[in-house]
Amino acid sequence: DQQVKQNSPSLSVQEGRISILNCDYTNSMFDYFLWYKKYPAEGPTFLISISSIKDKNEDGRFTVFLNKSAKHLSLHIVPSQPGDSAVYFCAASAIGTDKLIFGTGTRLQVFP
Amino acid sequence: DAGVIQSPRHEVTEMGQEVTLRCKPISGHNSLFWYRQTMMRGLELLIYFNNNVPIDDSGMPEDRFSAKMPNASFSTLKIQPSEPRDSAVYFCASSLGHTDTQYFGPGTRLTVL
Numbered sequence: 767d768q769q770v771k772q773n774s775p776s777l778s779v780q781e782g783r784i785s786i787l788n789c790d791y792t793n794s795m796f797d798y799f800l801w802y803k804k805y806p807a808e809g810p811t812f813l814i815s816i817s818s819i820k821d822k823n824e825d826g827r828f829t830v831f832l833n834k835s836a837k838h839l840s841l842h843i844v845p846s847q848p849g850d851s852a853v854y855f856c857a858a859s860a861i862g863t864d865k866l867i868f869g870t871g872t873r874l875q876v877f878p
Numbered sequence: 002d003a004g005v006i007q008s009p010r011h012e013v014t015e016m017g018q019e020v021t022l023r024c025k026p027i028s029g030h031n032s033l034f035w036y037r038q039t040m041m042r043g044l045e046l047l048i049y050f051n052n053n054v055p056i057d058d059s060g061m062p063e064d065r066f067s068a069k070m071p072n073a074s075f076s077t078l079k080i081q082p083s084e085p086r087d088s089a090v091y092f093c094a095s096s097l098g099h100t101d102t103q104y105f106g107p108g109t110r111l112t113v114l
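Listed in order, the protein sequences are those of chains P and W.
If you're matching positions, the first sequence starts at 767 in my numbering and goes up one per residue.
If you're matching positions, the second sequence starts at 2 in my numbering and goes up one per residue.
Worth flagging that the hints you see were computed from the coordinates, not collected in a lab.
A quick note: this is a predicted structure, and the numbers were derived from the prediction, not measured.
Be a bit skeptical, because a hint or two may be false.
Straight-line alpha carbon distances no greater than 16 Å define the calculated EDC-like cross-link-like pairs of lysine to aspartate or glutamate that follow [said to hold, decoys possible]:
| # | chain 1 | residue 1 | chain 2 | residue 2 |
| --- | --- | --- | --- | --- |
| 1 | P | K771 | W | E45 |
| 2 | P | K865 | W | E84 |
| 3 | P | K837 | P | D797 |
| 4 | W | K79 | W | E15 |
A few chain P positions that, by computed beta-carbon distances, are all more than 12 Å from chain W [claimed, not checked]:
| # | residue |
| --- | --- |
| 5 | S778 |
| 6 | V779 |
| 7 | E781 |
| 8 | R783 |
| 9 | I784 |
| 10 | D821 |
| 11 | N823 |
| 12 | N833 |
| 13 | T870 |
Quick reminder that beta carbons are idealized off the backbone N, C-alpha and C, glycines included.
Kindly generate the complete structure, drawing on both the sequences and the hints.
Dropping the structure here:
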């Protein structure tokens, strides 16, 4: 039973345009959400996070939005660059636990 | 500064053989995590340690899997006997504390024939 779902396995975006990666979750106890980026043959690296007390967090070209009522979060990358081409994992942790629950990932390809 | 180190990077073995994956966390980090990545299930947490003590092993698939952390700078994940369905990429991650940002190693790609 996937508690964190990334329903789009892949996304293709032109350089300079906006990339929007989506993530849905089912556990209402989740209170902290993260995005990790993964290049081939490397481990995932932390990108950006958001606490459930916020609905938006921005870091340069990357913004994460959280809609608690819809149990949905999204990662916006503006403008997209070819170096952003990677697999993006959404992850969540619940109150009182140390475990991160990851989604299955979305492969982003940014083409010139 | 060295990141999380995993060995081997690739492992090919035959069904029934014992497989041992190794991890050296970042120096000073107190928490260590073992994950498995598959296409169908994404990244799954298998087990994590805090100060060398296993805290949660509920993600370990079955008794064929075991993990140890004999000291703060070394951990192993053992599969015995291995089966083809164990084929996946296994990641080790470490963090300062169990709620801090996790830093992942490059992973071990395991293929069981």
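Ascending list of hint numbers which this structure does not respect: Violated: hints 2, 13.
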